[in-house]
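There are 2 protein chains.
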Amino acid sequence: MTVTEQQMANAIRALAMDAVQAANSGHPGMPMGMADVATVLYSKFLKFDPKAPHWADRDRFVLSAGHGSMFAYATLYLTGYASPTIEDIKNFRQLGSPCAGHPENFLIDGVECTTGPLGQGLAMAVGMAVAERHLNARFGDDLVDHRTWVVAGDGCLMEGINHEAIGLAGHLGLGRLIVFWDDNRITIDGATDLSTSEDIAARYRASGWHVEACDGHDFNDIERAIHASLADNRPSLIACRTLIGKGSPNKEGTKAPHGSPLGADEIIATRAAIHWPYPAFEIPADILDAWRATGQAGAEAHAHWAKRLAASNHAETFTKTMAGEVDSAWLQPHLESLIAAPQNIATRKASEIALTAATAALPDLLGGSADLTGSNFTRTVSTNTLDKNDYSGRYVNYGIREFGMAAAMNGMALHGGIIPYGGTFLIFSDYCRAAIRLSALQETRVAYVMTHDSIGVGEDGPTHQPIEQIMSLRLIPNLDVYRPCDTIETAECWALAIESAHTPSVLALSRQNLPQLRTDISENMSAKGGYRLRSAKAERKVVLIGTGSEVAIAVSVAEQLEEMGIGADVVSMPSWERFDAQSPAYKAEVLPSDTLRVSVEAGTTMGWERYVGDGLRIGIDSFGASGPIDALYDHFGLTADKITAQILAKLG
Amino acid sequence: MTVTEQQMANAIRALAMDAVQAANSGHPGMPMGMADVATVLYSKFLKFDPKAPHWADRDRFVLSAGHGSMFAYATLYLTGYASPTIEDIKNFRQLGSPCAGHPENFLIDGVECTTGPLGQGLAMAVGMAVAERHLNARFGDDLVDHRTWVVAGDGCLMEGINHEAIGLAGHLGLGRLIVFWDDNRITIDGATDLSTSEDIAARYRASGWHVEACDGHDFNDIERAIHASLADNRPSLIACRTLIGKGSPNKEGTKAPHGSPLGADEIIATRAAIHWPYPAFEIPADILDAWRATGQAGAEAHAHWAKRLAASNHAETFTKTMAGEVDSAWLQPHLESLIAAPQNIATRKASEIALTAATAALPDLLGGSADLTGSNFTRTVSTNTLDKNDYSGRYVNYGIREFGMAAAMNGMALHGGIIPYGGTFLIFSDYCRAAIRLSALQETRVAYVMTHDSIGVGEDGPTHQPIEQIMSLRLIPNLDVYRPCDTIETAECWALAIESAHTPSVLALSRQNLPQLRTDISENMSAKGGYRLRSAKAERKVVLIGTGSEVAIAVSVAEQLEEMGIGADVVSMPSWERFDAQSPAYKAEVLPSDTLRVSVEAGTTMGWERYVGDGLRIGIDSFGASGPIDALYDHFGLTADKITAQILAKLG
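For the protein sequence lines, the chains are A and B, in the order given. By the count of the working numbering, the first sequence reaches residue 652 at its end, each step adding exactly one. By the count of the working numbering, the second sequence reaches residue 652 at its end, each step adding exactly one.
Extracted from the complex, chain A is given alone in its bound form (with noise of 0.2 Å):
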């Protein structure tokens, strides 16, 4: 007998009520409302191989609706993918298991991001779209013609980078992408019209897109949106109308779902509702070999495309970009063109033009700016515009929208081939602080240029002025926080950032000219995070521990102490990541502890304690104010002169 879509979408609403069932934990009611969908997706449109789950020019599938993760699973396993296997799946949700309770993209294959946070997943399938597009026209159809689809909830849609997202993909025309909308009208707190009253498809509409409605439990249907979606060269929202928790005959179309467990006995109602009289966890061989038939149209796209990239003159090229490798040459010519002509420029200055030797050297930078491009001077000569007439630029004018646009960001790492970096200001962190984190979390390769990283921003004031920023982002673990002093600093971090291909970076630049202070290039410095810029002449009582701007200072303060027989080191310390990976005895010798150890950083103070111990925290720790940079930088106590004061005080 064959095997109906039916049969082969109740697999997944076994597999999701069960698993949810075993781990007492979990939502199963997306996976289950949405099973139809997947079922017309996977079986006739997606383009995968589940052989080779790393296959470039693979379809991007991202489940933005992350808390539905076993749609995920029994996606996956149903599919053939080698992981997860049904023990995995037996152990949802528990320790160890790459069955995670959201879909963690360094965990398993197939999962092309890390999602849960809301509205993420479908920002970051924009940037997916983009890198699509921009590898194509780099190198090609034979090489670069994919889609990227995604699922997406009420929360997804109602969350503010929503807008963002979509505001971007219909300005840059985005075609290949399309998004599911599980139109259920159910969220956690119960029904959608308890929040919004919103026409969600006239809003897409506004935003450039094409919409469709579908009965998302019609086949047919399904079939018939994915269709005409297709043939709008518009990205596309698919209304599909579903009962969460579809199947589960006292539950589907309530909140009940949402988040729990069925339950032991509405599962044998759900079992005997759906006619699916098998046991947890065990698929019949003949769906379990429909579903895996799923797979034969991806591995037969993907041995031509083999083919085509072996005869392809772009192969070598190609293949390298999309393992992420890079080469660093540019740097050292860049660094002696620094010595040889020492400037005195902002950070972000030098920043632009380290830029300019990197974006010349590495096709893979692409680069942009929400809306502050000659404030972050990220622009360089080599990269154009991106738009949607030109899908070989290499800048994207992301408009004012930080969080977006570091999901974006996220999404083109994640695509691959491609290194984003964008800019704003470093006060704005905070409005895409939650993308950050997701950089870091997922391991992405992205560096975020954050202009005007201090008080130094001058008159614009306190909402303009970051004071904890940098500080916060250091908590952040496995995200690379980098504060250079001057242009050769600035330069090292950023062939650090670039060479790190399992970290975002963030590079906090001044908006203040700062003077060239290193000498010596012989060495990245700044890869050790922290190093003794400046040795002590008379005897050394104190150590200046500076970053960014403020090491100028810190050189300051030290040349006055020096002149009353003070022995004063300063140390720049541009990355505490870096720093704190150093051996002990590498840090002992930098910051010795028989010295009064002094941090100067226009900044909290809070934290410092970890290098100065009982020593001076020199910085600020309430809200900045408007006025001219000089007038801030002595109300707040930070000139040399009055750190000075403050040193000689507590020396005593």
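Any given hint could be a false lead.
Within a straight-line C-alpha distance of at most 25 Å, the following computed DSS-like cross-link-like pairs (lysine-lysine) qualify [what the hints assert, rightly or not]:
#  : chain 1 : residue 1 : chain 2 : residue 2
1  : A       : Lys320    : A       : Lys47
2  : A       : Lys255    : B       : Lys388
3  : B       : Lys650    : A       : Lys255
4  : B       : Lys642    : B       : Lys541
5  : B       : Lys650    : B       : Lys587
6  : A       : Lys541    : A       : Lys587
7  : A       : Lys587    : A       : Lys650
8  : A       : Lys650    : A       : Lys537
9  : B       : Lys587    : A       : Lys650
10 : A       : Lys388    : B       : Lys255
11 : A       : Lys349    : B       : Lys255
12 : B       : Lys537    : B       : Lys642
13 : B       : Lys320    : B       : Lys47
14 : A       : Lys587    : B       : Lys650
15 : A       : Lys320    : A       : Lys51
16 : B       : Lys388    : B       : Lys349
17 : B       : Lys650    : B       : Lys537
18 : A       : Lys587    : A       : Lys537
Hints listed in this document are in silico derivations from the structure and should not be mistaken for laboratory results. This structure is a prediction, so every number in the text was calculated from the model and none was measured.
Following the hints, put chain B in place on chain A, whose structure we already have.
For chain B alone, kept in the frame of chain A given last:
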């Protein structure tokens, strides 16, 4: 000769261009472009009394496009507010001037909220409009009957928070909210079509808004659009087609005047073009008189209102409510009930029962949740739903809009008469961090109920498990972060949060059950931030410092140590901010330096050096994982056995 509207508008233009020129810093383009709208609004519609900027029934005006701050300072000066003076305007953007780079509510009356971080002004205005309708429902038309007006730019509309804010406003039917969109088609990087292709009017309509368009330089057309908006019972967007920098013959309509002075030559040209022959900062007496007359209608309305207030039965309650006076009498009986019947419950549940007592006693408390009501436990029997059918309700279903919720709460608190609190998961503090920062900067009394505050979240995994969030919130100036350990501390912290008229609070609350540890309720010990919960029995060698759910673990560790003859104190530290504010003697007594100090908190350990020096910092410096809670606590070493072993190793 009668002063024309054009002359009045040009007074704004002149002040804006001259102040920015004098400061050599600022944004003349917006105030010059919107000067005509400002003139119509202030002279014909806005209800305000310059002599009584705190009048409760004034219209609220929010300059969401805060970079155009000279719009605010010019109108406040011209209409006759005591501040700013013309001298203040001459000192625009200088340290100490109330005319800061962006408008700061704490520096100047008439500035209803701090703006500059784009999108948040409009979102706060939504909260103000909710507050108005709620207080109207409570106190009647005689006392509360005003409107909320907003000027927003393209940036405010492009930010994600705009979607959340207007969705909420449309759903709640806030017909007294009118937003002027400065439709100048210019952003910092250039024309808006560089980055957006959106049909903004259609999007607003899709969100339940009424939309008008007008020529922003045609006084009659502006007036017509406002009348049409007043006549509609939906919130209104008025698209005002303007030229940025209007009046500047060579720069209007370009990006040049957005964020830079016009320059001396262009100012001369502008003076000629707009027929403004007067020196900088000089407003001819007749034009100033015309402006000063605009406040008369408001002053009369204020006088009538004062009579109504005096005659009202609500007079005393209304006055106290608007003054934000609170009575903490609810606390002690609640604590006594807990002592009488101790409860081992999650602190999120402890929060619910504290809120049940507090909301019954304090009608000013107005709650809500971002679609996590049943998880945050934010709803009580006293808080019925607030929706467009019943504004008297005290509970807002904010939907999946964390950022919009936070900003709306800021708006409610700034409006006065309401003490807002709202719930989400602690991890999603990252989604609304920029609004939490504005709570702190603006000194608003907002309580953030942040549940699921650690790996105690369990199976949902790393995307939902806060690691760095608690510490990163502690970094924000003027924000009290509470992490109570049991029912008693939770109630104490709630009392402190409600009493803190000028400081917002975060309550970080557990998902999991915790024992009731406190037995003494004679004093609000949480007010000290940290205190000795348990004293060593044997000779004290160790001081354990715990917060929240880890205090009970610290107690178990202490018991294990005592069994080995090692004396150990346990300090509960629900609030760093409050502990830091204690005397040095108190702090030294609680955390004696001659002991091994050990912090225990299920989050990042960075920062705990402050209290433990070279002691032990027990916590989690990586992302979390998906699994049952007990497995996770064991995996991350946060069990009594594992901690005790570390302490013994350290003691040697």
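**Asked** Would the pair A:Lys650 and A:Lys537 pass a check requiring their Cα atoms to be no farther apart than 25 Å?
**Response** Distance ~20 Å between A:Lys650 and A:Lys537 Cα, so the pair holds.
**Request:** Verify the proposed pairing of B:Lys650 with B:Lys587, using a straight-line Cα cut of 25 Å.
**Result:** 23 Å, holds
**Item:** Distance restraint between B:Lys320 and B:Lys47, which requires alpha-carbon spacing of 25 Å or less
**Value:** 23 Å, holds
**Request:** For the pair we were handed, A:Lys541 and A:Lys587, check the Cα-Cα distance against 25 Å.
**Result:** With Cα atoms ~17 Å apart, A:Lys541 and A:Lys587 stay inside 25 Å; holds.
**Asked** Are the Cα atoms of A:Lys349 and B:Lys255 separated by 25 Å or less?
**Response** 21 Å, holds
**Message:** Next pair to validate is A:Lys587 with A:Lys537; report whether the Cα-Cα distance is within 25 Å.
**Reply:** Distance ~21 Å between A:Lys587 and A:Lys537 Cα, so the pair holds.
**Prompt:** CA of A:Lys255 to CA of B:Lys388, is that 25 Å or under?
**Reply:** Roughly 23 Å between the alpha carbons, so the hint for A:Lys255 and B:Lys388 holds.
**Request:** For the pair we were handed, A:Lys587 and A:Lys650, check the Cα-Cα distance against 25 Å.
**Result:** Within the cut-off at roughly 23 Å; holds.
**Message:** Tell me if the straight-line CA distance from A:Lys320 to A:Lys47 falls inside 25 Å.
**Reply:** 23 Å, holds
**Message:** Given the hinted pair A:Lys587 and B:Lys650, is their Cα-Cα distance within 25 Å?
**Reply:** Judged against 25 Å, a Cα distance of about 21 Å means the pair holds.
**Message:** B:Lys537 and B:Lys642 were given as a pair; does the straight-line alpha-carbon distance stay at or below 25 Å?
**Reply:** The given pair, whose Cα atoms are some 22 Å apart, holds under the 25 Å limit.
**Item:** Agreement of A:Lys320 and A:Lys51 with the hint, judged by alpha carbon distance not exceeding 25 Å
**Value:** 21 Å, holds
Violated hints for the displayed structure, listed by number in ascending order: 3, 16.
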